[in-house]
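With the hints as constraints, model all of the structure from the sequences given.
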Amino acid sequence: MSDAALPAMSRTVVAMPTAAQLVADAIRRSIVTGELADGASLPPEPVLIECYGVSRPTLREALRILQSESLITIRRGSRGGARVNAPRVDTVARQAGFLLQHQQTSLADVYEARLVVEPPAAGLLAERRTAAVVRELRAALVEEQAAADPVAFAHASARFHERVVDLAGNHTLALFTGILAEIIDTHTETVMVAAHDPTTRARDSHAAHRSHERLAELVAAGDADGARAHWQAHMEAIGRVILKATGSGRVVDLFR
Amino acid sequence: MSMPTAAQLVAHDIRRRIVLGELADGESLPPEATLMAQYGISRPTFREALRILQSESLLTIRRGSRGGARVHAPNIEPVAHAAGLLLQHQGTTLEDVYEAMRIIEPPAAGLLARQSSRTARKALREALDDERAAADDPAKFAMASTLFHEAVIRLAGNRTLALFGGILHEILEAHSELVYRTETNPARRSQHSAAAHEGLVELVEARDAAAAEQHWRAHLDEIGAGRSRKQTLTRKVDLFRETR
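These protein sequence lines map, in sequence, to chains E and D. Position 48, counted from 1, in the first sequence is what this note's numbering calls 63; the numbers after and before it change by one each time, with no gaps. Position 48, counted from 1, in the second sequence is what this note's numbering calls 334; the numbers after and before it change by one each time, with no gaps.
The hints are simulated quantities; they were obtained by calculation from the structure and are not laboratory data. All C-beta atoms, glycine included, are put in the ideal place defined by N, C-alpha and C. Keep in mind that a hint or two might mislead.
[As the list claims (entries may be wrong)] Partial pick of chain E residues on the chain D-facing surface, computed with a CB cut under 8 Å:
no. : residue
1   : V47
2   : L51
3   : A55
4   : S83
5   : S85
6   : V125
7   : V132
8   : L190
9   : T203
[Stated by the list, open to error] Partial list, computed: chain D residues near chain E (C-beta under 8 Å):
no. : residue
10  : Q340
11  : A369
12  : D382
13  : I389
14  : I390
Structure representation (structure tokens):
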């Protein structure tokens, strides 16, 4: 686990925004509020220059700002121009992954955070379950069942965990899980191979699957406390196995 | 899966060096000609690679005679910013964000009490002092109070949670003014909240993890209580409020 040496969030810095920043703010707002749809083209440069009353270099600076936020893509050439990219989880997740790796975040650290998020999410899921949600959860179990080998099972199992949070109906928690999805997926195989003896892998997978089925039952029954407690116990047990196998020192590595 | 282009391969290589810290924050990339020769690529391909890295906030490019590409190590602010925009785009309510806070902050407070360093405890105490110093100004107090909540997660010693805390903070910061303005009795609420924060600092200093977690959970439950507060929480995330 890391020490407290992370930099503080910066305090509010009071500086006058430049013209380019103001133009970028206006376009960003239109993208985020959906006035400019995903995939839409921005109007041609002369139109934008006229519309915002700025010079060409200022407009280009504004577009560079938006490009650096992945909110637009600029194409050169005769069919060129700026195209809108609506905000996406995978774009955020990618940047977040680089940040965690840059900070040499350990896999144990990531797992500790999952232990904070996932059991309460399982509770919310049970509390708010609908028939559709229960069906989706069962579909994820079927996918697990269909896994041909322990490695495929480990991937399906990781997706089941992600589904639990996704279906719980909280956008913020779903974003957090989405941020970790690629990191988890990248390390799933290594962790599985390190954590489970070849001779017991199939049995371990089977036991994990039964535990997931149990969660689905508790969710279907609307037992929020039961679902939360079960998921907590399930994840703590797995966490111990993983930690023993990989040690606490292994860090996130997205370039494997 | 399609074959990566030459530009993507070069971007991948430079990205890896930035993320691993081989290229340090603030450093300039070697001149264009050097890198073009090193990677054996054309100028348009090289520029395309730079654009990819620019779109990931890993480089900024300056024009002109003192121009060139400068490295930006991954940093929480652009990530939190992008995450905030995404949540707004999804039409997320403040209640949704608050629900996530209630789930994440109490265990973070527990971790903070259990495993924090002396430096972390000192930093938490300072966040409380900042809050106290702002007691007479409701707007400033609201901001300092938001920063205290952010500090609890950041100092807990878990980097993944600190990232989540940074995202929560991005949203809370943009709404702190709204929250205090819709308060029926802001002065009383401020006093009450400062006392609750003080209580947490004491439990953290006493290294009492269970009590710290429980105390912080009770405080968060209280934050969401009350009619005006519930009303405020039905609003949607809007990061552009202050610039409107």
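Status of each hint after checking the structure:
1. V47: Interface hint status for V47(E): holds (5 Å vs cutoff 8 Å).
2. L51: violated (11 Å)
3. A55: Constraint on A55(E) not satisfied, violated at 14 Å.
4. S83: Because about 5 Å separates S83(E) from the closest Cβ in chain D, which is inside the 8 Å limit, the hint holds.
5. S85: Holds. Min distance 5 Å.
6. V125: It holds, given that the least Cβ distance between V125(E) and chain D is near 5 Å, below 8 Å.
7. V132: For V132(E), the interface hint holds, since the closest Cβ of chain D sits about 7 Å away, which is under 8 Å.
8. L190: holds (6 Å)
9. T203: Status violated, d = 17 Å.
10. Q340: Holds, about 5 Å.
11. A369: holds (5 Å)
12. D382: holds (5 Å)
13. I389: This interface hint holds because 4 Å falls under the 8 Å limit.
14. I390: holds (6 Å)
In this structure, the earlier hints numbered 2, 3 and 9 are contradicted, and the remaining ones agree with it.
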